[in-house]
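**Q** The chain contents come next:
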Amino acid sequence: DSGVTQTPKHLITATGQRVTLRCSPRSGDLSVYWYQQSLDQGLQFLIQYYNGEERAKGNILERFSAQQFPDLHSELNLSSLELGDSALYFCASSGTGRGARGYGYTFGSGTRLTVV
Amino acid sequence: TQLLEQSPQFLSIQEGENLTVYCNSSSVFSSLQWYRQEPGEGPVLLVTVVTGGEVKKLKRLTFQFGDARKDSSLHITAAQPGDTGLYLCAGGRNVNTGFQKLVFGTGTRLLVSP
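Just so you know, the sequences run in chain order A and B.
Start counting the first sequence at 288; every next residue gets the next number (the working numbering).
Start counting the second sequence at 68; every next residue gets the next number (the working numbering).
Chain A with its partners taken away, still in its complex shape:
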């Protein structure tokens, strides 16, 4: 157990639907990161939150959104789902993201999303 909890572990949904993925960071970590992993694109950075505020954005589609709540848990919302959105979605956390060189990420076990 890495200390980062992601739910659900598996999700199967139809095209056009909307889903919410949840992440609880490791205790004490303020930064949460969302990544998408697919076979052809590898691990792609989506978005980062630090203590409730968005801090960095990657290749996140407009159909996707995220937020970090006061208790530091985060949710990734995926809407108008397409077949190509099928992937593993990982959440990671770290103690700090502010200019700290060399800090490591702790990853959760991921949510496998299948869009049919």
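Hint data in this document are derived by calculation from the structure and do not stem from the laboratory.
From a predicted model like this one, the values you see are computed outputs, not experimental measurements.
Backbone N, C-alpha and C define an ideal beta-carbon position, used for all residues, glycine too.
Do not take every clue at face value.
Short derived list, chain A residues pointing at chain B, Cβ under 8 Å [unchecked claim]: (1) Gly-329; (2) Gly-345; (3) Phe-377; (4) Gly-391; (5) Phe-394; (6) Gly-397.
Taking lysine to aspartate or glutamate pairs in the EDC-like style, the calculated list, with each CA pair at most 20 Å apart, reads [to be verified]: (7) B:Lys-126 / B:Asp-150; (8) A:Lys-296 / B:Glu-105; (9) B:Lys-126 / B:Glu-84; (10) A:Lys-296 / A:Glu-362; (11) A:Lys-296 / B:Asp-150; (12) B:Lys-124 / B:Asp-150.
Estimated spans, in silico, between C-beta atoms of each pair [claimed, not checked]: (13) A:Pro-357 / B:Gly-83: 51 to 59 Å; (14) A:Gln-328 / B:Glu-108: 14 to 22 Å; (15) B:Asn-91 / A:Gln-354: 32 to 40 Å; (16) B:Ile-80 / A:Arg-309: 35 to 43 Å; (17) A:Gly-315 / B:Val-117: 18 to 26 Å; (18) B:Ile-80 / A:Arg-350: 39 to 47 Å; (19) A:Ile-299 / B:Val-122: 44 to 52 Å; (20) A:Glu-341 / B:Val-122: 12 to 20 Å.
Fit chain B to the given chain A structure using the hints.
**A** Here is chain B on its own, set in the frame of chain A:
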């Protein structure tokens, strides 16, 4: 856009062999990390290097950060079946908000057979 290229993409070897995985980029990174990922799990951090030329050893694994901080290598001595997995390098890049984000490499899938 994939900024970090890893080679080889796939590697299948016998137990006891040595191997090296390379991670290359045209960009400079402030830090370089290596992760191992097993099926159904998230990546697990193995090591972080932050200084150009830095070498770190973790039992049979040796990690090196290039002098120019653009590349890195992972060398495994006497590989064991337990080393099987997906190895990912990740470079730290500063973003204009004063934060860093990690950019992951393309990955090297290693299979060590008994």
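**Q** Against each hint, give a clear statement of whether it holds in the structure.
**A** Structure-based check of each hint:
Because the closest C-beta pair between A:Gly-329 and chain B is about 5 Å apart, less than 8 Å, the hint holds. Hint status for A:Gly-345: holds, given a least beta-carbon distance of 7 Å to chain B, under 8 Å. For A:Phe-377, the shortest C-beta to C-beta distance to chain B is roughly 5 Å, which falls under 8 Å, so the interface hint holds. Here the hint on A:Gly-391 is kept, as its CB sits about 4 Å from the closest CB of chain B, short of 8 Å.
A hinted interface residue such as A:Phe-394 counts as satisfied when its beta carbon comes closer than 8 Å to some beta carbon of chain B; here the least separation is about 3 Å, so the hint holds. Given hint, A:Gly-397 at the interface with chain B, holds; its Cβ is 6 Å from that chain's nearest Cβ, closer than 8 Å. Taking the CA atoms of B:Lys-126 and B:Asp-150, the gap is near 12 Å; set against the 20 Å cutoff, the hint holds. Distance check on the hinted pair: A:Lys-296 and B:Glu-105 sit about 16 Å apart at the alpha-carbon level, within 20 Å; holds.
Taking the CA atoms of B:Lys-126 and B:Glu-84, the gap is near 15 Å; set against the 20 Å cutoff, the hint holds. For the suggested pair A:Lys-296 and A:Glu-362, the alpha carbons sit about 14 Å apart, so the restraint of at most 20 Å is met. Distance check on the hinted pair: A:Lys-296 and B:Asp-150 sit about 25 Å apart at the alpha-carbon level, beyond 20 Å; violated. Of the supplied pair hints, the one linking B:Lys-124 and B:Asp-150 holds, its CA atoms being roughly 15 Å apart against a limit of 20 Å.
Look at A:Pro-357 against B:Gly-83: about 53 Å separates their beta carbons, and that is inside 51 to 59 Å. In this structure, A:Gln-328 and B:Glu-108 meet the distance hint of 14 to 22 Å, their C-beta atoms being roughly 19 Å apart. A C-beta distance of roughly 36 Å is found between B:Asn-91 and A:Gln-354, which places it inside the suggested range of 32 to 40 Å. Distance hint check for B:Ile-80 and A:Arg-309: the Cβ-Cβ separation is about 39 Å, which falls inside the suggested range of 35 to 43 Å.
About 22 Å separates the C-beta atoms of A:Gly-315 and B:Val-117, a value consistent with the hinted range of 18 to 26 Å. A hinted range of 39 to 47 Å for the beta carbons of B:Ile-80 and A:Arg-350 is consistent with their spacing of about 42 Å. Taking the beta carbon of each, A:Ile-299 and B:Val-122 are about 46 Å apart, inside 44 to 52 Å as hinted. The given range of 12 to 20 Å is broken by A:Glu-341 and B:Val-122, whose C-beta atoms sit roughly 37 Å from each other.
In the structure shown, a violation is registered for the earlier hints numbered 11 and 20, in ascending order.
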